[in-house]
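*Asks:* Following my numbering, the numbering of the sequence shown begins with 5 at its first residue and continues without gaps.
Certain hints may be false.
[Stated by the list, open to error] Taking lysine to aspartate or glutamate and the DMTMM-like style, the derived pairs with C-alpha atoms no more than 25 Å apart in a straight line are:
1) K9 x D50
2) K28 x D15
3) K37 x D50
4) K46 x E18
5) K27 x D15
6) K37 x E18
7) K37 x D15
8) K37 x D24
9) K49 x E18
10) K33 x E18
11) K28 x E18
12) K51 x E18
13) K46 x D15
14) K33 x D15
It is worth saying that the hints were derived from the structure and are not from the lab.
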Amino acid sequence: KGYAKVYVVVDGFEGGTLKDGPKKGWRLKNGWKNSGLPWSYKLNKDKMYGLD
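Could you put together the complete structure from these sequences and hints?
*Replies:* This is the structure in structure tokens:
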């Protein structure tokens, strides 16, 4: 028993920053967003919890 769809984000959501190169400082290494996992800036109202 337990949760069936659970993720562990070891490297964080946005990942780490690049140390060298023209994109130095950009968060393009590791992380949820850079691993091809689903994400969006849009909120799904059906999944939001609201206080009425």
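*Asks:* May I ask which of the numbered hints given earlier this structure violates, with the numbers listed in increasing order?
*Replies:* Every hint satisfied by this model.
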